[in-house]
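Residue strings, one per chain:
There are 2 protein chains.
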Amino acid sequence: MKIYTVFVEPKTSGNIGFLARTMKNFGLKKLVLINPCKLENDAYYQAMHARELVQDAMIYDTLEEFIEDKKITSIVGTTGTAGGSYNIKRIPITPDELGKTMHVNGNIALLFGREGDGLNNQEIEQCDILVTIPTSDEYPIMNITHAAAIIFYEIFKNKKSYPIDDMDISSYDDKKVLTNLTNEIISKLDYPEHKEKQVKIIVKRIIGRAFIAGRESQTLRGTLKRINTRIKNKTHEE
Amino acid sequence: MKIYTVFVEPKTSGNIGFLARTMKNFGLKKLVLINPCKLENDAYYQAMHARELVQDAMIYDTLEEFIEDKKITSIVGTTGTAGGSYNIKRIPITPDELGKTMHVNGNIALLFGREGDGLNNQEIEQCDILVTIPTSDEYPIMNITHAAAIIFYEIFKNKKSYPIDDMDISSYDDKKVLTNLTNEIISKLDYPEHKEKQVKIIVKRIIGRAFIAGRESQTLRGTLKRINTRIKNKTHEE
Numbered sequence: 001m002k003i004y005t006v007f008v009e010p011k012t013s014g015n016i017g018f019l020a021r022t023m024k025n026f027g028l029k030k031l032v033l034i035n036p037c038k039l040e041n042d043a044y045y046q047a048m049h050a051r052e053l054v055q056d057a058m059i060y061d062t063l064e065e066f067i068e069d070k071k072i073t074s075i076v077g078t079t080g081t082a083g084g085s086y087n088i089k090r091i092p093i094t095p096d097e098l099g100k101t102m103h104v105n106g107n108i109a110l111l112f113g114r115e116g117d118g119l120n121n122q123e124i125e126q127c128d129i130l131v132t133i134p135t136s137d138e139y140p141i142m143n144i145t146h147a148a149a150i151i152f153y154e155i156f157k158n159k160k161s162y163p164i165d166d167m168d169i170s171s172y173d174d175k176k177v178l179t180n181l182t183n184e185i186i187s188k189l190d191y192p193e194h195k196e197k198q199v200k201i202i203v204k205r206i207i208g209r210a211f212i213a214g215r216e217s218q219t220l221r222g223t224l225k226r227i228n229t230r231i232k233n234k235t236h237e238e
Numbered sequence: 001m002k003i004y005t006v007f008v009e010p011k012t013s014g015n016i017g018f019l020a021r022t023m024k025n026f027g028l029k030k031l032v033l034i035n036p037c038k039l040e041n042d043a044y045y046q047a048m049h050a051r052e053l054v055q056d057a058m059i060y061d062t063l064e065e066f067i068e069d070k071k072i073t074s075i076v077g078t079t080g081t082a083g084g085s086y087n088i089k090r091i092p093i094t095p096d097e098l099g100k101t102m103h104v105n106g107n108i109a110l111l112f113g114r115e116g117d118g119l120n121n122q123e124i125e126q127c128d129i130l131v132t133i134p135t136s137d138e139y140p141i142m143n144i145t146h147a148a149a150i151i152f153y154e155i156f157k158n159k160k161s162y163p164i165d166d167m168d169i170s171s172y173d174d175k176k177v178l179t180n181l182t183n184e185i186i187s188k189l190d191y192p193e194h195k196e197k198q199v200k201i202i203v204k205r206i207i208g209r210a211f212i213a214g215r216e217s218q219t220l221r222g223t224l225k226r227i228n229t230r231i232k233n234k235t236h237e238e
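Protein chains in written order, with the UniProt record's numbering: chain A, 1 to 238; chain B, 1 to 238.
Restricting the straight-line Cα-Cα distance to at most 20 Å, the calculated cross-link-like pairs of lysine to aspartate or glutamate (EDC-like) are:
1. K2(A) with E138(B)
2. K159(A) with D137(B)
3. K29(A) with E138(B)
4. K159(A) with E97(B)
5. K159(B) with E138(A)
6. K225(A) with D190(B)
7. K2(A) with E65(A)
8. K29(A) with D137(B)
9. K159(A) with E138(B)
10. K30(A) with E9(A)
11. K100(A) with E97(B)
12. K159(A) with D96(B)
13. K232(A) with E184(B)
Honestly, the hints are just simulated from the structure, not real lab data.
Assemble the whole structure, with the sequences as input and the hints as a guide.
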């Protein structure tokens, strides 16, 4: 799969830089500019360590020339609020849904429209897929490069498929072991039956919620075993 | 749930504006600035239709003053790449995971660090939760407002899809009581000193991270007291 990030008629040179930086943050390399404004210094400045993406940007006069030249197989367009001025027949998907469907071969173009105006109706008509970011109704218009960051993030996220390698969150089985251990302890505390049940549920939920790491889980197991061994069982006493 | 977006020592006025705009895009309103640079015109310009967020920004000299003043119950920090310079003992979660756990009441602070340097170790130590955006290894350093957009998006996305339940989150003091109780128990387990310390740290962090509700905290207190009373103290045995 080749992904081209296409900025259609950018008006502000700095935004080209921001876009390049965000692309590189998520492993995207191919920047295409359609009829862009003049590239000033701030394009390179805002790109930071992604300035080579700006230097290597492919520039075309029209979208059609690019689509033909790079043999694009799928065009993904990004739009602002759904139900805006464009043809309502098109139902946009979310970035999340896009990320999950991007496991395809081919040459894919991700289109971002001009600042302020976005993509025009003709450009939107050419898109195979439209993506819209769910935003607050009160102020739905995002800055183009911030919108792009979210879309790149979702594509990257699904490509990597979680979790971050060195973050080994405890598994379902790990959690089960912890819950069994806490249940054993709670059973020794002579709660009335309904209360015992309630305590077990609460502790189970907290274990589920706490994002316990694999190595933390190891230590906790040891601690719970110690507690369990040490705890006096009232019935034995009497 | 009240969410405060806290920009710690911003250096560039325009970034405050970008942050405000992105906040409003995702329905966030409370902007806090800790010891910020001078707010120039570009803060208002980049905010676009969110300039009232910049106007109403709460400004504090130190993070501590803000935390105390607004009675913050949970602090969420954002950091760059996992395994970076900060203390490796802390395991960051993903924005996705953050969004899914944010169904709680309470006063939550979302911390974003200074451009370039991020949050310092002392600030990170204070966080109950750390979030890291999964990025390309080749260039993991994101612009701060683009990183913020992704985190706001994940919070908004999850808020929309699941109704926030009215769980009232336990306070800072509640958590302290729980930590004291667990510490008392752990002290009785005859761990070697360094191991005892480590176990206490792990348990404290899990309590911080788990978004324990007020009523859950009540029950847990009772359970921990029972365990503490019941536990055999080895020295007494011998």
